[in-house]
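Protein chains in written order, with our numbering: chain X, 1 to 446; chain E, 1 to 234; chain D, 1 to 265.
No lab work stands behind these hints: they were computed from the structure.
Beta carbons: idealized from backbone N, C-alpha and C, even for Gly.
Among these hints, one or two may not hold up.
[Unchecked claim] Pulled a few chain D residues facing chain X out of the computed Cβ check, cut under 10 Å:
1) THR69
2) ASP71
3) GLY77
4) LEU80
5) ASN83
6) GLN95
7) ARG97
8) PHE104
9) PRO111
10) CYS171
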Amino acid sequence: MTDAPVSKPKSSLLVQDARTKRRNASEARFKIYGLAAIGIGCAFLLTLLTAILFNGVPAFKQTFVTLSVTLDPAAIEDAENSTLKTAKYKAMVSEALLAELTEVGIQTDMDPTKLGDMLSSATGDQIRTYALAHPEQMGQTVEFTVLGSSRVDGYMKGRVTREALANDKNLDAEHLDIVDQLAAAGKLSLKFNPAFIFGSDASEKRPEQAGLGVSVVGSFIMMLVVLFLSLPIGVAASIYLEEFAPKSRLTDLIEVNISNLAAVPSIVFGILGVAVFIQFGGGSLGIDALRKSAPLVGGLVLTLMTLPTIIISTRAALKAVPPSIREAALGVGASRMQAVFHHVLPLAAPGILTGTIIGLAQALGETAPLLLIGMVGFVATNYPSGFFDAFTAPNSAMPAQIYEWAKRADPAFYERAWGGIIILLVFLLALNIIAVILRSRFERRW
Amino acid sequence: MSQHIVSSYDRDLESIQALVLRMGGLVEASILDAAQSMDTRDLELAADVRRRDKAIDELEIKINEASATCIALRAPVSKDLRTVLTVMKIAGSLERIGDYSKNMAKRTNVLAEQRLLDGQTATLRRMAREVQGMLKDALDAFIQRDAELAEQVRLRDQDIDQMYNTAFREFLTFMMEDPRNITPCMHLHFIAKNIERMGDLVTNIAEQVVYLVTGDLPEDPRPKMDTTSLSTKV
Amino acid sequence: MNQMSLIDRAVDMTHIKIAARGVNVYYGDSHAIKDVNVEIADKTVTAFIGPSGCGKSTFLRCLNRMNDTIDICRVTGDILLDNEDIYDKRVDPVQLRAKVGMVFQKPNPFPKSIYDNVAYGPRIHGLAKNKAELDEIVEKALRRGAIWNEVKDRLHAPGTGLSGGQQQRLCIARAVATEPEVLLMDEPCSALDPIATAQVEELIDELRQDYSVIIVTHSMQQAARVSQKTAFFHLGNLVEYGDTGQIFTNPRDPRTESYISGRIG
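Extracted from the complex, chain X is given alone in its bound form (with noise of 0.2 Å):
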């Protein structure tokens, strides 16, 4: 320490002065700002979550019967011979739930065919595939689990109720109480339905059976057709606009035009599929493959849609790779192709990885255009017969299967369409976690 005069400070650091106490002041209310905002938004995200699971998990769900059912030979010549068929097998079922009935001790003077509308109309034909499927059982006794019919299934999940029932034509109270006695039984009970993921869609008077699955895999082969057409194209056109095109005004006129294609409604697409893809392609052209509701043609739509944003992903990652990459490469005697082939391209890739992602994502969950060219959601009754059938046969997509359902009058449908948005964001959440672990992938190799 030295002796030196200590000085006085002009002003004391110790004290705030009026205009730091302001400007602290309004810092601290802008913090608070952003919490609320962020407050806000993480409610809203909750109130959409909460929305989604309450509403659409009961979906994963359905309500089975357990029956045994005698494969009466002669019941079932006399109802291949029929004209309606699956309404004789369905009578089958209705007289084999009479006789379980009776076997757990329920009485009903309720008529076989009144009863029987407790199933599921399908299961007639859920039967009639089995006996056919199965000759050597004939003449036995087969238990079988049935679907419950939507009411019941409703009744179960409480979405129905007893007042409800008294504008019902096909369900009433005595059907009730018989659920509640055969539930009672361990007979009908609520399970996990794995026919709703990976089963198709089914009418509208049986939503009990309808399931995504082959919507599933439209989807599926959709984001095939745009990954492999989208990502080549997407990143060969922006390699060539930012590393070696010209600086022109036509290449400024491309670049306006991509950001705006980017920022086009999407049905325009989906119109635009139809006059190019079906109409010209399919018709004047007469390509066989580009057919309506086919998922080639609703990947190319996608891949359409999906360009821009690659584009413009891409052109962001690699002009975000440092100019000095590029002279160092070209300063060691590299070509501008072996520069960016060798060192911009994998700097750059993380970032059109996750472009590309985002750029599937909207793809995937892209509705409007697809019901333009078709692809509507009562098309997925059937699984396709092989992979290259499966980009030709008509089938939907997800969402417009999720759409399909939620504009059908039976709430039945509705619980549906929530289950089916939580499938989707299952893909969704799965697509972005690959984005992020490839992301951290390249990005580790410095």
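Since the structure of chain X is provided, determine the placement of chains E and D on it from the hints.
Relative to chain X, chains E and D alone:
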């Protein structure tokens, strides 16, 4: 000469040059006083000259230090570098000139006890005054960056050399005339030789100034008029 | 730095490596380089100095046609490398850049291993027939870059993990790995500390044995330390070109004088 962007650099260079001028002033006074003390046998003045030499030596050290600092901190180039180099060389030369005039003052004590002929010391005093004039002009040339004036100073060294030649012959003649003259004449000859050396040093300063201004040392050999070392003829 | 002794600074101007005749460079409408004529000797370090925006870097980049990558840049006049016009239509800039290597202001190693950084040039130019030859080239280049001893045990560590000075020497090693004849350096030490700078300067002086080195620098002291010839650029003009010793003690042009001595104007 335009200013430096860093103005303290200008101040540094100016202060070093001011030191040189101060030193030059001291040396000029020393020459004149030493010559006067010799001529008038003023022992007190001679003692004063010898004492003042210390200040000159100290100034040289100070200039060298300031120059070293300037080189280390400013890394002078081109004209600035030449300025610093010139300053150091001038300071060295001035210090030597100061030493010679101190030596002249020392010999004043010895000469005071000797019998002297009239006019001998007056010639030397004139010679010293001429050297002092040259030094003044050389320093003026330095401060005004005047290569032409420096060149003139360089040429004036011939006069000093001629004066020395004349004095040399005179002393020889005196010594041949009367052996008792040998001691005073030897001392006077040393003084004359020292003044002639001062002239050479002033010429060095002038040449350094030419280098400072033009960036090149004068190429033509300096005209030498001191022929005493060349001829055996008296 | 025994090589930098003053006696050794005499330049043999009989072997001219690069000659520029009436070179003009335009960036769009702006005239960046105005009628520059200069002859650069072989096995010599030539420094380009001058204030920012004076065109020294632009001119340097003309020498290996690095300016080709800028669309609006136009070069007129002749630049002869070994008496061949490098702007001739038949000249492929890639081939030229293999002969005229470049080291940049900011150390810019590729985000690859040290080995791959150096091996990249020889690989794309096919200088090595097999792995052993490539290893040899890499070692030689790293030794020339005066960094071999520091990295020989971690050749497969990332080049970006080195310190700034090491990175720059790695970049120099990378540049010499392709056996260029001329080495262009664009402010190679501006991002380095004094020790790293000294190491790079020492290296530059050693490289002079084999290459013609041209260095652009903002540090006049650096130009004075490493170069034998110095060219002073001002507002796109080559104002003065001469022996470094002469430029720094006795410049002929008042603009050079003002610039190197830090004067206004």
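Hints, one by one, checked against the model:
| no. | hint | verdict |
| --- | --- | --- |
| 1 | THR69 | 7 Å, holds |
| 2 | ASP71 | 5 Å, holds |
| 3 | GLY77 | 22 Å, violated |
| 4 | LEU80 | 20 Å, violated |
| 5 | ASN83 | 21 Å, violated |
| 6 | GLN95 | 8 Å, holds |
| 7 | ARG97 | 4 Å, holds |
| 8 | PHE104 | 6 Å, holds |
| 9 | PRO111 | 4 Å, holds |
| 10 | CYS171 | 7 Å, holds |
In summary, the structure is inconsistent with hints 3, 4, 5 from the numbered list given earlier, while agreeing with the others.
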